[in-house]
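Fit chain B to the supplied structure of chain A, relying on the hints for placement.
There are 2 protein chains.
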Amino acid sequence: MDTPVALLGGTGKLGPGLAMRLARAGVPVLIGSREAEKGVAAAGDINQKLRATGEDFTPVEGMDNAWAAARAHIAVITVPYEGQAAMLPALADSLHGKVVVSTAVPMRFEVGLGPVHIDVPEGSAAQQVAALLPESHVTAAFHSVSSAELKKLAQPLDGHVVVTGDDRKAKLETMSLVRLLPDVRPVDGGPLYCARYSEYLTVLLISVNGIYRTHAGVMLTNLPPDDAG
Amino acid sequence: MDTPVALLGGTGKLGPGLAMRLARAGVPVLIGSREAEKGVAAAGDINQKLRATGEDFTPVEGMDNAWAAARAHIAVITVPYEGQAAMLPALADSLHGKVVVSTAVPMRFEVGLGPVHIDVPEGSAAQQVAALLPESHVTAAFHSVSSAELKKLAQPLDGHVVVTGDDRKAKLETMSLVRLLPDVRPVDGGPLYCARYSEYLTVLLISVNGIYRTHAGVMLTNLPPDDAG
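Taken in order, these protein sequences are the chains called A and B.
Residue numbers for the first sequence, in the numbering used here: 287 to 515.
Residue numbers for the second sequence, in the numbering used here: 287 to 515.
For the record, the hints were derived by calculation from the structure and aren't laboratory data.
Hints are not guaranteed to be accurate.
[Stated by the list, open to error] Calculated lysine to any residue pairs in the SDA-like style (CA-CA distance at most 20 Å, straight line):
id, chain 1, residue 1, chain 2, residue 2
1, B, K455, A, I497
2, B, K455, A, M373
3, A, K437, B, N508
4, B, K455, A, G398
5, A, K438, A, R499
6, B, K438, A, P510
7, A, K438, B, K455
[To be verified] Facing chain A, according to a computed beta carbon distance under 8 Å, are these residues of chain B, among others:
id, residue
8, N333
9, Q334
10, W353
11, L399
12, I404
13, P477
14, Y479
15, C480
16, L487
17, V504
18, M505
19, P511
Where is the CB? At the ideal position from N, CA and C, for every residue including glycine.
Looking at chain A on its own, in the form it has when it is part of the complex (with noise of 0.2 Å):
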C-alpha cells in the first residue's frame, strides 16, 4: 500500500502504535492532530522510535487533522469515541468518497462493575461516524488490538481483527490494511450494523483485561484460510 493513510488524532492512544507497525510496512502514514505542531512532534517521536529499530520504514509525517484528511486515501480515526462528533463535521468535505475507518468503543468504568458500554443513539461510534460523514465509506475495525501490543514492535500481535461495513469496496481495502500488520488476520464480519459487536467485544476484553492482568486480545476458531481477497 503506497497511498498515504491518515490517522485523525493520530496522536492519542492508538495512534502512534498503529502508524509504526504501517510504517514499517511501508504505508506513508499521516499523523493529524488538533494542531499542527503537535502532530509534527508526534511524527517526529515515532520515526525517532522507528529509528532506534533499525528495520527499514516509511518515515511517518505530522499535520493537522483537515491536512491528513485532504491528503489522505484512507483515515483512520483514533479519537476516542467522546471526540468524533466534534472533529469530523468539519472534516467531512475533505473526506468526501474517501474510505473513513472507525476504531472506538464506547464505554466507560463504573464503579462495581467495570467496563461498561455506552449507549450510542445511532447504534454504535461507527453508525454515529456514518451519519456525521454521509458521503465517505465507513467500515468499522482494530476494535480488538490492544494499542499497549502495538507498540512492542518486537512482537507479532498474533490476533484477527473484525472488520465490517456496507460498502464492499472499501471493506476490502480496510482488510487489506489490517492484513499490514505482522500476524494479524481480518475477519468480515458483516454490515456495519455489526460494528457495535466488535465495539461490545473490546468491553468485554477489557473486563477480562482487569480481572487476568494482561492486555487480551481475540482469535476466530473454525475459519477458512484467509483468502487475501
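Only chain B this time, still in chain A's reference frame:
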C-alpha cells in the same frame, strides 16, 4: 464432577451435544423437557449415539424439567431466549440456592442485515434469568460454543468459553463445568452484567458464520495459563 447437571429444555439445539460431551466426561446428565416422555426419548437417543462411539460414558437420564431441576446440582438452561420466561417461574423453588447457567443468545434474523440481537429489558438473557430466579446463583456461559461442533464427538472443541456471574463460587463451579469439555478453556469475563457482551459476541460469530459458511468459535489471546481455580 459426580453431582447431576440438569439441561433444562435439553431436547433442543444445544442440549444433546452438551449432554454427550458431559456424559463422556463422567457427569450424570439429566435431560429435562416440558413433557417427561420427550426427555426420556431424547436421553435414549443420546445414549444410543454414545454407545455407538465405543467410548466410556455415564448414561444420561430423561425426565420433565421440574424433576430435572429438583434433582440437579447445577442447572443449565438450554431453551432459546424466547422460551425462558415461560419456563423458569415454575422451577424457581426447585432451583433455590443452586447454580443456574444461562446460555441463551437473544437474536433474530433481519432481512438485509442478517443476525441482529434482541433488546432484553433486563439487559441480557442472563440478567432476565436472574430476575426470574432471584434465589438462584445465576452465571452465563457456553454462548459461543457451536451446537453443531458439540455433536462432532470425534473432534475437540478447541476454544474459549467466557463465563460471567456475580457469585464467585457459582462462577468457579461453572468454570469447572466448562473445563470438562475437551480442549475448552473457561475465561472469567466479569460480573453478570457483562453476560450481554458474551451474548452479543455470539451474534457476531453467527454473522461471520453466514459469510464464511462455518461454525466459528472464539479464543482470547495473551491470557495467562488457566489455573483451574
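Hints versus structure:
1. B/K455 - A/I497: holds (16 Å)
2. B/K455 - A/M373: violated (47 Å)
3. A/K437 - B/N508: Between A/K437 and B/N508 the Cα gap is close to 15 Å, so the pair holds against 20 Å.
4. B/K455 - A/G398: holds (18 Å)
5. A/K438 - A/R499: holds (17 Å)
6. B/K438 - A/P510: Status holds; Cα separation ~18 Å.
7. A/K438 - B/K455: violated (37 Å)
8. N333: violated (28 Å)
9. Q334: violated (27 Å)
10. W353: violated (36 Å)
11. L399: holds (5 Å)
12. I404: Violated, because the Cβ-Cβ distance from B/I404 to chain A comes to roughly 13 Å (cut-off 8 Å).
13. P477: Cβ of B/P477 sits 6 Å from chain A, so the hint holds.
14. Y479: Constraint on B/Y479 satisfied, holds at 5 Å.
15. C480: Hint holds; B/C480 Cβ to chain A Cβ min 5 Å, cut 8 Å.
16. L487: Hint holds; B/L487 Cβ to chain A Cβ min 5 Å, cut 8 Å.
17. V504: holds (6 Å)
18. M505: Interface hint status for B/M505: holds (5 Å vs cutoff 8 Å).
19. P511: Violated, about 10 Å.
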